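Participant: Here are the chains, one letter per residue:
There are 4 protein chains.
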Amino acid sequence: MRFKLGCSLAYEIKAPTTFIFNVEVAHLKSLAIHSETLTLSPDLKREVYVTPDLKNRYLGVNAGIGPFSVEYNAEVELAVVRADPETIRETPVAELPIDILPFLLPSRFVSSDRLTPFALAEFGHLPKGHKRVNAICNWIHDNIAYQRGASDGETTADESLLKRAGVCRDFAHIGTAFCRALGIPARFVSCYAYGLVPRDFHAVFEAYLDGRWWLFDATRQAHLDGLVRIGIGRDAAEIAFATPFGEMEPTGMEIRIDRADGGPEPTERTIDAISTEEPAPHAGAV
Amino acid sequence: MRFKLGCSLAYEIKAPTTFIFNVEVAHLKSLAIHSETLTLSPDLKREVYVTPDLKNRYLGVNAGIGPFSVEYNAEVELAVVRADPETIRETPVAELPIDILPFLLPSRFVSSDRLTPFALAEFGHLPKGHKRVNAICNWIHDNIAYQRGASDGETTADESLLKRAGVCRDFAHIGTAFCRALGIPARFVSCYAYGLVPRDFHAVFEAYLDGRWWLFDATRQAHLDGLVRIGIGRDAAEIAFATPFGEMEPTGMEIRIDRADGGPEPTERTIDAISTEEPAPHAGAV
Amino acid sequence: MRFKLGCSLAYEIKAPTTFIFNVEVAHLKSLAIHSETLTLSPDLKREVYVTPDLKNRYLGVNAGIGPFSVEYNAEVELAVVRADPETIRETPVAELPIDILPFLLPSRFVSSDRLTPFALAEFGHLPKGHKRVNAICNWIHDNIAYQRGASDGETTADESLLKRAGVCRDFAHIGTAFCRALGIPARFVSCYAYGLVPRDFHAVFEAYLDGRWWLFDATRQAHLDGLVRIGIGRDAAEIAFATPFGEMEPTGMEIRIDRADGGPEPTERTIDAISTEEPAPHAGAV
Amino acid sequence: MRFKLGCSLAYEIKAPTTFIFNVEVAHLKSLAIHSETLTLSPDLKREVYVTPDLKNRYLGVNAGIGPFSVEYNAEVELAVVRADPETIRETPVAELPIDILPFLLPSRFVSSDRLTPFALAEFGHLPKGHKRVNAICNWIHDNIAYQRGASDGETTADESLLKRAGVCRDFAHIGTAFCRALGIPARFVSCYAYGLVPRDFHAVFEAYLDGRWWLFDATRQAHLDGLVRIGIGRDAAEIAFATPFGEMEPTGMEIRIDRADGGPEPTERTIDAISTEEPAPHAGAV
Chain A
1 MRFKLGCSLA YEIKAPTTFI FNVEVAHLKS LAIHSETLTL SPDLKREVYV
51 TPDLKNRYLG VNAGIGPFSV EYNAEVELAV VRADPETIRE TPVAELPIDI
101 LPFLLPSRFV SSDRLTPFAL AEFGHLPKGH KRVNAICNWI HDNIAYQRGA
151 SDGETTADES LLKRAGVCRD FAHIGTAFCR ALGIPARFVS CYAYGLVPRD
201 FHAVFEAYLD GRWWLFDATR QAHLDGLVRI GIGRDAAEIA FATPFGEMEP
251 TGMEIRIDRA DGGPEPTERT IDAISTEEPA PHAGAV
Chain B
1 MRFKLGCSLA YEIKAPTTFI FNVEVAHLKS LAIHSETLTL SPDLKREVYV
51 TPDLKNRYLG VNAGIGPFSV EYNAEVELAV VRADPETIRE TPVAELPIDI
101 LPFLLPSRFV SSDRLTPFAL AEFGHLPKGH KRVNAICNWI HDNIAYQRGA
151 SDGETTADES LLKRAGVCRD FAHIGTAFCR ALGIPARFVS CYAYGLVPRD
201 FHAVFEAYLD GRWWLFDATR QAHLDGLVRI GIGRDAAEIA FATPFGEMEP
251 TGMEIRIDRA DGGPEPTERT IDAISTEEPA PHAGAV
Chain C
1 MRFKLGCSLA YEIKAPTTFI FNVEVAHLKS LAIHSETLTL SPDLKREVYV
51 TPDLKNRYLG VNAGIGPFSV EYNAEVELAV VRADPETIRE TPVAELPIDI
101 LPFLLPSRFV SSDRLTPFAL AEFGHLPKGH KRVNAICNWI HDNIAYQRGA
151 SDGETTADES LLKRAGVCRD FAHIGTAFCR ALGIPARFVS CYAYGLVPRD
201 FHAVFEAYLD GRWWLFDATR QAHLDGLVRI GIGRDAAEIA FATPFGEMEP
251 TGMEIRIDRA DGGPEPTERT IDAISTEEPA PHAGAV
Chain D
1 MRFKLGCSLA YEIKAPTTFI FNVEVAHLKS LAIHSETLTL SPDLKREVYV
51 TPDLKNRYLG VNAGIGPFSV EYNAEVELAV VRADPETIRE TPVAELPIDI
101 LPFLLPSRFV SSDRLTPFAL AEFGHLPKGH KRVNAICNWI HDNIAYQRGA
151 SDGETTADES LLKRAGVCRD FAHIGTAFCR ALGIPARFVS CYAYGLVPRD
201 FHAVFEAYLD GRWWLFDATR QAHLDGLVRI GIGRDAAEIA FATPFGEMEP
251 TGMEIRIDRA DGGPEPTERT IDAISTEEPA PHAGAV
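Chains as they are written, first to last, in UniProt numbering: chain A, 1 to 286; chain B, 1 to 286; chain C, 1 to 286; chain D, 1 to 286.
These are computed hints drawn from the structure, not numbers from a lab.
None of these values were measured; they are calculated from a predicted model.
Check each hint, because a few of them may be wrong.
Just so you know, same-sequence chains aren't split out, so a pair can sit in one copy or run between any two.
What the hints assert, rightly or not - Computed cross-link-like contacts, EDC-like style, restricted to lysine to aspartate or glutamate with a CA-CA straight-line distance of at most 20 Å:
#1 K45 - E95
#2 K128 - D210
#3 K128 - E47
#4 K14 - E95
#5 K45 - D99
#6 K163 - D113
#7 K131 - D210
The shape of chain A in the complex, shown without the other chains (with noise of 0.2 Å):
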């Protein structure tokens, strides 16, 4: 699908500011960009950086007193791949490649090893495979209340599964969590999601099955075949949408996203299985 998408931000400084924002759409073969404009105002000297793992686009700016603003616009065509959910299966351990290995480690909102009893109790005994993954994604849709206020910056997946609430990123925390403690990496994702209401940056995550990374949604607000990448990270710490050090208030925030080809919102979601990222080369073995 093709998609109109972007955001604009607004802030104002009460000290000077330094802002890393991570709001442009990653750099990926499945994603082609056909235009793209980051506009700041004032238009302040800009720092980039692209990390040479996940290829997250991180930009960074200086921001002076006053008001500041980030318009980022983009036109884009996702081309998803997809799969019959109940062909791919889980990849054993040994089978993994090395550099998928840490998205098995518990990380600071993803407390996946305090979760491993619970894990392997509700889930351990469940066919594996991507149904497997899928089972964690409805468990937590019937199991977690969305909602708003439920959690802050620093609520952790065991926090959440206690509270029964949480918002996007909790859900996706939680299911982070619970992969990981199966021996599934899993990682999390920031995205513009097709079909989200309200509009806001959205937080899934993708499970590493059976060679590549496969996209899941707990929350089950979006088009799962419409989630344009943002950021991939260990947890919500890695990939925040803006991260200010200074002393500011954000003063608005409008995202955006829609079809740029015509085409209707589906009236069904998928059911199929999504992937967006290419099946990664191994590193090599010796």
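Fit chains B, C and D to the supplied structure of chain A, relying on the hints for placement.
Facilitator: Coordinates of chains B, C and D only, in the frame set by chain A:
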């Protein structure tokens, strides 16, 4: 200084086990590797992976049932950079290279977000620079008891702070957390440590000050200019010397580091500021 | 049923130690004490204290260096009240005697405030009454593994729930927490437990329903009509069988309970609702 | 000193609500109640309960939909015992009355077990006695920021310590926790506090030293000899001024305490040790 160093790790494998090892010294300009051997018994197929950003060297092995061992030996020359601590200022966040900024974020065991009020109250008013991080190390050394068994693999910096006890891993986590909480990038370092008694893998941390990474060891148990880096991570989760997936029992472990140039053990420890990594080239400004 | 019961506790005192013991059976109308002896070796001065509200019998002893032991034996007749679980409704908070209300509050190990969302999600919709508390016990029995070593003296109900494992103390804490979270007063009970294998002090809980306290044992390891009460507390902190202040080592421990009326061990466990305490006289309305 | 004191509490009841209030001054020998009225509007049926051990006065009311208010006024004479802090020693555990010992145990918000290493490290070496508890209060006053909104109803002493911030409830919890961790019995006290600005219910703590309970206020915000006790508890959970079960909104709250004897507010705060409770008769030795 020139060192002969290495380790011998032995296991009894009970069920097929995938290991990720991180025991080889890092590839650094300051660290000349004169010779190096790594022997597996039995001689299994190896998968190697060097992280593109931090240059950690990981080794993956699938071991079958029975005895299994790793023997690593290297002879290296470490050329450290020395400086007068008084001359090393802190780098304002606005001047930090963007690729350094992730080391301001909290991670699984470095709960810097939870420790911010504590760090500000204890160290917020101190003169900035290398000496502030040194004051943090002094505080840790004076207030945290070095005590085997005080922590386990899930212990976080805030928990260690309440327990007032830990091992080198925990000392490094607390130091890293306090630095990040104060806006000083910091990262966890595993190493061979000259002078450490009893001999073991050691954990210290680096803080980014005045344009480069400087070494700190809050345990004060080894020579700061005798720390030969193995790996760099956000925290201990990322650079365990061995991460096994399977069922096995460790049956032996020996770590070695000795002067190879005939020089005697220094009677006193250096009070210079010590760095072993070249200043990183900045990510590009546009 | 009539029981012979008791315990033998032995210690090696390394430095003068003050003990508080709570091993004597409670003074209850339903529990006739036919004979009872408590022997200290050496025969130290005893301080006795019965809590005015709950009637727990505490015994204080200051023991000097050397061996020290406690031997307790009693022959008792326990007359339980039985009822059909279907007939026991929950008491609305508005009808609860005011002296019962503290048992709705969270306590050190019964973190009912943290477990409220979990309790509401799992049990909030169930039919109210004795059968809801029984459903809680079934859930605990089915979802928490009985596992020695899974907890220590600082483990709370929310931690046990995440670990999915515990011992009788933890099963009772979780059950108590879920009840309080649902507005059902609940309290922790230590007891001699007929049928428990291996023999040990046991921990269960009572819920206040339909005007009186009813016994529940989520471990399902003893006869509900063979639980001879020692103490009642908000949680385990209050009624440890021995609380030592000093330096000592336990050197022996034996707990006993046998039928004293020649009756055989029942082949099946009762499915009646069981209570051993008279309905409390209400605090006075004015 | 003689005081006129009281409170006015107003609520809008949305659904039938059971309230437990604990706002009436305690029945103490040192506290003569010259007059006292408690008015409910509407004038609902009251259930009263005085705890047999601590003599807290609870009032239970079932309020229906609509406005509801409580008005309490009393005129009391408080006769405190004063002593030179230097003369007050700590009571060895072996000499503590057995009914005092529960105040050495951890409770929901007083996580003294978790704070033991911290307490020992900071205060373990200090001279024992009233002055050690005073040193604890000084430490709390100097190291914890008094900050509205820094805590909520689930915040524990260890959490407040990490946050380095709290309100009177948290200051009292930390003080209580440090005392218990050091083997000094301590309990939470709610009170009307002469000199407190702005006027509010206040929370302080008592430590058991040299045979009686002594008052401590780590916030240093009120006159220690002007604290008129309402309730005593293990921690805040037990003696909230209002515990509602139902659905309501607070619509007004006013707390009052003034000199009734014409005396002026003292210009300086007392530095005497202050106690308001008679030494308890010991539980009987046998």
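Participant: Compare the structure with each hint and give your call.
Facilitator: Structure-based check of all given hints:
In the homo-oligomer, the alpha carbons of K45 and E95 lie at most 20 Å apart only across protomers (12 Å), although the nearest pairing inside one protomer, at 45 Å, exceeds that limit. Taking CA atoms no more than 20 Å apart as the test, K128 paired with D210 passes inside one copy only; the shortest distance there is 11 Å, against 47 Å between copies. In this assembly of identical chains, the alpha carbons of K128 and E47 never lie at most 20 Å apart, being 44 Å within a copy and 26 Å across copies at closest. In this homomeric assembly, K14 and E95 come within 20 Å of each other (Cα to Cα) only across copies, at 19 Å, whereas the closest approach inside a single copy is 52 Å.
Taking the shortest Cα distances, K45 and D99 sit within 20 Å of each other only across copies (17 Å), while inside one copy they are farther apart (34 Å). When the C-alpha separation of K163 and D113 is checked against a cutoff of 20 Å, the pair qualifies both within a copy, at 18 Å, and between copies, at 10 Å. Proximity of K131 to D210 under the C-alpha cut-off of 20 Å is restricted to the intra-copy arrangement: shortest distance 12 Å within a copy versus 46 Å between copies.
In terms of the numbered hints stated before, the structure departs from hint 3 and from no other.
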